[in-house]
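So the sequences go chain by chain: A and B.
First residue of the first sequence? That's 1 in the working numbering, and the numbers climb one at a time after it.
First residue of the second sequence? That's 343 in the working numbering, and the numbers climb one at a time after it.
Think of the hints as simulated: they come from the structure by calculation, not from any bench.
It is possible that part of the hints are untrue.
As the list claims (entries may be wrong) - Partial selection, computed: residues in chain A whose CB lies under 7 Å from chain B:
hint	residue
1	21
2	22
3	26
4	27
5	28
6	186
7	235
8	236
9	294
10	298
Claimed, not checked - Derived pair list, reagent style SDA-like, types lysine to any residue, alpha-carbon separation capped at 20 Å:
hint	chain 1	residue 1	chain 2	residue 2
11	A	229	A	193
12	A	229	B	355
13	A	89	A	67
14	A	229	B	371
15	B	459	B	470
16	A	229	B	357
17	A	89	A	101
18	A	229	B	351
Where a beta carbon is used, it is the ideal one built from N, C-alpha and C, also for glycine.
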Amino acid sequence: MTALRIVSAGFAPTLQDLGRPHVQHLGVPPAGALDPVALRLANALVGNPPDTAALELRVMGPTIEIEADAVRLALVGSGAPVEVMGDRKVEAPSHQSIRLTRGRRLRIGSLADTGVAYLAVEGGFAIEPVYGSLATYTRASIGGLDGRALRDGDRLPLGPPQAAERAELRCADLSWWRESGPVRVVLGPQDDYFAPASVAEFFAGEYRVTREADRMGMRLDGPVLAHAKGHDIVSDGIATGAIQVPGNGRPIVLLADHQTTGGYPKLGTVISADVPRLGRLRPGDALRFAEVTVEAAEAARQVLEERVARVIERFGPAEPWLDEDALYRRNLVSGIVGSGEG
Amino acid sequence: MSQTSPQPYPAPRFLSAGDAALVVEFGDTVDPAVNHRVMRLGEAARAAGIAGLVDLVPTLRSLMVHYDPTATTRRAVEGSLRELITDAGGTRAAGRLWEFPTLYGEEVGPDLEDVAKRTGLTPERVVELHAGVEYEAFMMGFMPGLAYLGIIPPELELPRRSEPRVRVPMGSVAIATNLTNVYSLESPGGWHLLGRTPVALFDIRRDPPVLLTAGDRVRFVPVGRDAYDDLRLRVEAGDTGFAPVGTEAAR
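With the sequences and hints as input, model every part of the structure.
Below, the structure is given as structure tokens:
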């Protein structure tokens, strides 16, 4: 079996693809990447279809040993380097594809600049999907490796042998990742459950992501919102990005692992173009919201899709890094040159 | 769950849920008549093959329509749905009928005595009433495989527990308000636990893992400890062959 061996898991990485949004009618949450844009770009760098599962990393990355002749990987969504360990430790840049051979180890350290990053592997993983997806939903033990986050010692079986030698690619345009400005929201479905003054405050105020943030949702700290018609509704459907406000008036933005239905009023829904940005936020990060129409949200999604396509079109040659073979050759050459001196 | 207005809306409301979903709301009460309108629109939309649809999630009183905003628009989806809404009664598609062997009371139904006390009935009468009705799955939600079933006999109606339990075991058969359910996974929960069924409503070893779907019908069949244990051991050993007893048309 060819595999990636998880020497050390870091902070509970999971396998995620674009999720299983088509079985919400069975009560199954969509799950999938918190930042689908970063996932798609990571897959594009290694030549995968956009919905191929990759490792979703949070807080602290893993140490992985290559148990295949060759593997092509790419880390996207963080500026953290990929440390490649052999006789000496060298650093390969993120946001480009790298090819590593059997026995090499890579380590990704602290992800201090993002909520999530993705490590994609050419060919993906040889794991049975659940409802057509490898996305891990740990609360019901669905998807990924036995429905759970990865642990030290796990082996992730790889798809058919890949990673033939080719020029490696780099994603130099990171403007999509540095996007700032208010997070855009369409009002509804239950904006009429809130006092108009509270709706105005929601859009005027600044919020911060609290420590109560996971793949299901993030609780926000900021202006407390007042309900006008009570805080219980007869359960209805939930969309990713829904801003749910329970009785205490503190909004929760629901992310990929959200329940499919719920009984709290939802003031608005973050637009699909801005949902990936939510995934990148970490506890303590500040955010503001701006109201837009559905039509403006659709236009924004169109802009995002065009941008992602352009970023992929403009992948350039990878930055050279001192991989071990290259280092070995260089030392050999400088050794010969050195012996000719003096 | 609030039960504010007594009637379904004269016309459904189309509510925004971002740019990848919309809600068609038929009412804001737990009412089978409202739910049937939701289900009929869901079935019609599924049959019509509307372009760009991702999923249709019926709830007690509304239909959530998830769509792919890179493949269609809110305007197009709403337009297609409006054409499918009719006020005609119509008949519903056949829903499967399931019979769930259930052990009531004992350690698996820790609230049976309390429910009896609070409703002024004997525990035997509570079981008789709960098992005497064929329920309909109005919606799925809360967790994978969990169906909201109703309507329970009015004598059994109680609000949710004031102190939810931290851990409700999988398979627990429970009631709250005018509904009943089976916990498909271990989870926190505030419903009153009457008993337990060994039938796995969610089993990752089965393909597909979820047993029920909205529109299915369910009867709870009281069984003794031996029958309960037999089925429980079979399920635990990996028997995933539990089948519906019928598919005759509902109503």
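Cut-off 7 Å, beta-carbon criterion: hint that residue 28 of chain A touches chain B
4 Å, holds
Holds or violated: residue 229 of chain A to residue 193 of chain A, with C-alpha atoms at most 20 Å apart
OK: residue 229 of chain A and residue 193 of chain A at ~5 Å, within 20 Å.
For the pair we were handed, residue 89 of chain A and residue 67 of chain A, check the Cα-Cα distance against 20 Å.
19 Å, holds
Hint check: 7 Å Cβ-Cβ cutoff, residue 236 of chain A to chain B:
5 Å, holds
Residue 27 of chain A as an interface hint toward chain B, with CB separation required under 7 Å:
For residue 27 of chain A, the interface hint holds, since the closest Cβ of chain B sits about 4 Å away, which is under 7 Å.
Satisfaction of the residue 186 of chain A interface hint, Cβ to chain B closer than 7 Å:
5 Å, holds
Tell me if the straight-line CA distance from residue 89 of chain A to residue 101 of chain A falls inside 20 Å.
With Cα atoms ~15 Å apart, residue 89 of chain A and residue 101 of chain A stay inside 20 Å; holds.
Cut-off 7 Å, beta-carbon criterion: hint that residue 298 of chain A touches chain B:
5 Å, holds
Just to be careful, I want the Cα atoms of residue 229 of chain A and residue 371 of chain B compared with a cutoff of 20 Å; is the pair within it?
15 Å, holds
Mind checking the alpha carbons of residue 459 of chain B and residue 470 of chain B for me, to see if they're no more than 20 Å apart?
15 Å, holds
For the pair supplied as a hint, residue 229 of chain A and residue 355 of chain B, confirm whether the alpha-carbon distance does not exceed 20 Å.
18 Å, holds
For the pair we were handed, residue 229 of chain A and residue 357 of chain B, check the Cα-Cα distance against 20 Å.
The hint holds at about 17 Å.
Figure legend: structure checked against the earlier numbered hints; every hint is met.
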